[in-house]
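**Q** Single-letter residue listing:
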Amino acid sequence: MPLIREEFVHKENLIRDDEMLELIALSQTAPGPIAVSTALLTGYKLKGRRGAIVGIIAAILPPLIIISILYYFYTWFAANFWVRAALRGMSGAISAIMIVAVYDLAKASLKEHKVISALILIAAFLTSMFTSINTGLIILALALIGIVAFRYVPEEKKP
Amino acid sequence: MTMLRLFIAFLEVGAFAFGGGYAVLPLIERVIVHRYGWLTMTEMTDVVSISQVTPGPIALNAATFVGMRVAGIPGAIIASVATVLPQAILLFLCGIFFFREKRSATIDHAFMSLRPGVAGLIAASTVSIFIASVFLSTSPIIIDPVVLIALVVVLILRIRRANIFPLVFLGAGIGLIGGLVEYLTQT
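Line order of the protein sequences matches chains C and F.
Residue numbers for the first sequence follow numbering that gives the first Met the number 0, so the first one is 0 and each next one is one higher.
Residue numbers for the second sequence follow numbering that gives the first Met the number 0, so the first one is 0 and each next one is one higher.
Relax, there's no trap hidden among the hints.
Computed footprint of chain C on chain F, listed as stretches where at least three residues anywhere in the stretch have a Cβ under 8 Å from a Cβ of chain C:
#	segment
1	55-63
2	71-81
3	87-99
4	142-149
5	159-173
If you're looking for bench data, these hints aren't it; they were derived computationally from the structure.
Using N, Cα and C, we set each Cβ at its ideal position, and we do this for glycine too.
Make the full structure from the sequences, and use the hints.
**A** Structure representation (structure tokens):
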């Protein structure tokens with residue numbers, strides 16, 4: 000997710016952060032790898048059906064190529080000391096990148112209806128953190144809560 | 000015939016893999032290990048290990064691996080395509096519906112709640128990733144100094160808006176230096 004965001008939100012300025020959150024929400028409702036869904040929807044959003052096809056092919060290719068090559072010496076690779084060492088450092092880097100991405104996305108998601116949005120954010124965080132409820136179900140519940148709640152919340156005046 | 004079985008097996012994995020990450024493992028185990036016998040449990044553990052050291056979703060890594068085993072590179076391609084086909088069809092239909100110029104008020108309301116909600120969900124997986132990466136694999140309470148250094152350095156640079164890709168390599172470099180220190184102190 001942070002990688003897709005870096006390319007399309009920051010470098011190219013093609014998608015806004017709040018639109019990115021919508022694409023991720025949709026991605027969670029479909030089965031299969033989430034990265035593939037996000038790539039497909041990002042392509043769709045930018046270039047329609049052709050973009051979606053390019054997105055999905057581009058998402059399949061790296062694992063297809065990498066694992067096809069590693070297939071021949073996977074036991075050595077998975078157990079290698081230096082591969083493991085590099086991976087340890089990379090996992091720290093990824094954590095840091097995720098922390099910054101979450102901060103930016105949370106800020107973007109709290110632009111309107113600050114109080115209600117903050118409550119929804121915290122509730123979703125706690126549910127995901129401390130229960131084993133399936134993410135797809137949480138997404139469905141969030142959508143229903145939005146449909147019911149925001150029907151009765153007056154629209155904010157745009158400054 | 001083998002190709003058809005490969006296709007159908009991974010179509011099932013793709014269609015029922017909800018939840019992301021390791022949630023797909025029991026499904027792969029049931030279909031690939033037990034029903035078709037294409038992998039042993041040990042080999043499946045190897046696939047999980049490779050998935051930890053390479054980018055890419057586990058389901059696609061497993062599809063490529065099993066496809067290679069059963070029918071070489073064409074098998075790997077067929078299995079990979081089958082894995083993503085269900086979500087591709089579903090999201091294509093979704094896309095026609097969602098990316099129209101004008102959205103109904105109901106869908107707008109749903110997204111007003113989904114945006115902060117999804118930010119909360121991503122925050123939760125970030126905490127999980129943080130906990131999983133920062134503590135030593137041998138002990139759940141001791142912090143791994145190498146991971147912590149990589150995290151702090153990258154966090155500072157990222158707040159100053161450094162690009163992601165060089166930062167991931169920087170993390171790998173810090174990991175390798177940590178490995179070198181460990182290697183030298185042990186020998």
